[in-house]
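Colleague: The chain contents come next:
Number of protein chains: 2
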Amino acid sequence: MPQFMDVHHGMKGISADQLMQAHQADLAIEDEEGVHFEKAWADPESGTVYCLSEAPSAEAIQRVHERAGHRPDEIHPVPLTA
Amino acid sequence: MPQFMDVHHGMKGISADQLMQAHQADLAIEDEEGVHFEKAWADPESGTVYCLSEAPSAEAIQRVHERAGHRPDEIHPVPLTA
Numbered sequence: 005m006p007q008f009m010d011v012h013h014g015m016k017g018i019s020a021d022q023l024m025q026a027h028q029a030d031l032a033i034e035d036e037e038g039v040h041f042e043k044a045w046a047d048p049e050s051g052t053v054y055c056l057s058e059a060p061s062a063e064a065i066q067r068v069h070e071r072a073g074h075r076p077d078e079i080h081p082v083p084l085t086a
Numbered sequence: 005m006p007q008f009m010d011v012h013h014g015m016k017g018i019s020a021d022q023l024m025q026a027h028q029a030d031l032a033i034e035d036e037e038g039v040h041f042e043k044a045w046a047d048p049e050s051g052t053v054y055c056l057s058e059a060p061s062a063e064a065i066q067r068v069h070e071r072a073g074h075r076p077d078e079i080h081p082v083p084l085t086a
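Just so you know, the protein sequences line up as chains A and B, in that order. Positions 5 to 86 (my numbering) are the ones given, in order, by the first sequence. Positions 5 to 86 (my numbering) are the ones given, in order, by the second sequence.
What the hints contain is simulated information worked out from the structure, not anything from laboratory work. Warning: the hint list may mix true and false statements.
Since the list gives no way to pick out one identical chain from another, each pair is judged satisfied if it fits inside one copy or across any two copies.
Mimicking SDA-like on lysine to any residue, the simulated pairs with C-alpha atoms at most 20 Å apart in a straight line are [to be verified]:
| no. | residue 1 | residue 2 |
| --- | --- | --- |
| 1 | K16 | M5 |
| 2 | K43 | P83 |
| 3 | K43 | S19 |
| 4 | K43 | R75 |
| 5 | K43 | Q25 |
| 6 | K16 | P81 |
| 7 | K43 | E58 |
| 8 | K43 | P60 |
| 9 | K43 | V11 |
| 10 | K43 | A86 |
| 11 | K16 | A72 |
| 12 | K16 | G73 |
| 13 | K43 | P6 |
| 14 | K43 | Q28 |
| 15 | K43 | M5 |
Model the full structure from these sequences, guided by the hints.
Modeller: Structural data, given as structure tokens:
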């Protein structure tokens, strides 16, 4: 299944608990869209969050993230890895 | 050691081989700065590359990437993960 990196801006000051809760909210509903969120990384200082997922499409990621309450600003397919 | 996500823009059309060569160029010299590049993901369509690393500082990452010929556009510490 294709991998995607999505990016959230404007998350300045996000805490470890908030990141974990947001990630859990995704995991709780991701199956309904055939998505799996593998990992999330956050920079509280700049307010940037990166989420790595496997998903059938960018739209499926968008729907899960929106329903979980945190619409992403960018979603990039990342077909190449090293 | 702190983790960082750095981002390269303007890499439209990057190939799997080019990504692998760039990553290998980093790996070849990273020890000199105490950096370890763990993984890289590329979106050839938008020309975006994400690199995840462990490093003593953003400056150390900057030096390795510059010497390897691909200066990053952003370097974010990512102290939070989920």
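Colleague: Does each hint hold? Answer for all of them.
Modeller: Quick rundown of the hints versus the structure:
In this assembly of identical chains, K16 and M5 lie within 20 Å of each other by CA distance neither inside one copy nor across copies; the values are 32 Å within and 22 Å between. Taking identical chains as interchangeable, the C-alpha atoms of K43 and P83 lie at most 20 Å apart whether they share a chain (17 Å) or sit on different chains (13 Å). Taking the shortest Cα distances, K43 and S19 sit within 20 Å of each other inside one copy (16 Å), while across copies they are farther apart (24 Å). Proximity of K43 and R75 under a CA criterion of 20 Å is satisfied intra-copy only: 17 Å inside one chain copy versus 25 Å between copies.
Taking the shortest alpha-carbon separations for K43 and Q25, only the intra-copy value of 13 Å comes in at or below 20 Å, while the best inter-copy value is 25 Å. For the homomeric pair K16 and P81, the shortest alpha-carbon distance between copies (13 Å) is at most 20 Å, but the shortest distance inside one copy (25 Å) is not. Taking the shortest alpha-carbon separations for K43 and E58, both the intra-copy value of 10 Å and the inter-copy value of 16 Å come in at or below 20 Å. Taking CA atoms no more than 20 Å apart as the test, K43 paired with P60 passes inside one copy only; the shortest distance there is 17 Å, against 22 Å between copies.
Taking CA atoms no more than 20 Å apart as the test, K43 paired with V11 passes in both settings, with 12 Å inside one copy and 17 Å between copies. Proximity of K43 and A86 under a CA criterion of 20 Å is satisfied in both settings, with 17 Å inside one chain copy and 6 Å between copies. For the identical chains of this complex, K16 and A72 are intra-copy neighbours only, at 19 Å inside a copy versus 32 Å across copies, given an alpha-carbon limit of 20 Å. For the identical chains of this complex, K16 and G73 are intra-copy neighbours only, at 16 Å inside a copy versus 31 Å across copies, given an alpha-carbon limit of 20 Å.
With identical chains, the CA atoms of K43 and P6 are at most 20 Å apart both within one copy (15 Å) and between copies (16 Å). When the C-alpha separation of K43 and Q28 is checked against a cutoff of 20 Å, the pair qualifies only within one copy, where the shortest distance is 11 Å, while the shortest distance between copies is 24 Å. In this homomeric assembly, K43 and M5 come within 20 Å of each other (Cα to Cα) both inside a single copy, at 16 Å, and across copies, at 18 Å.
When each numbered hint is compared with the structure, a violation occurs for hint 1 only.
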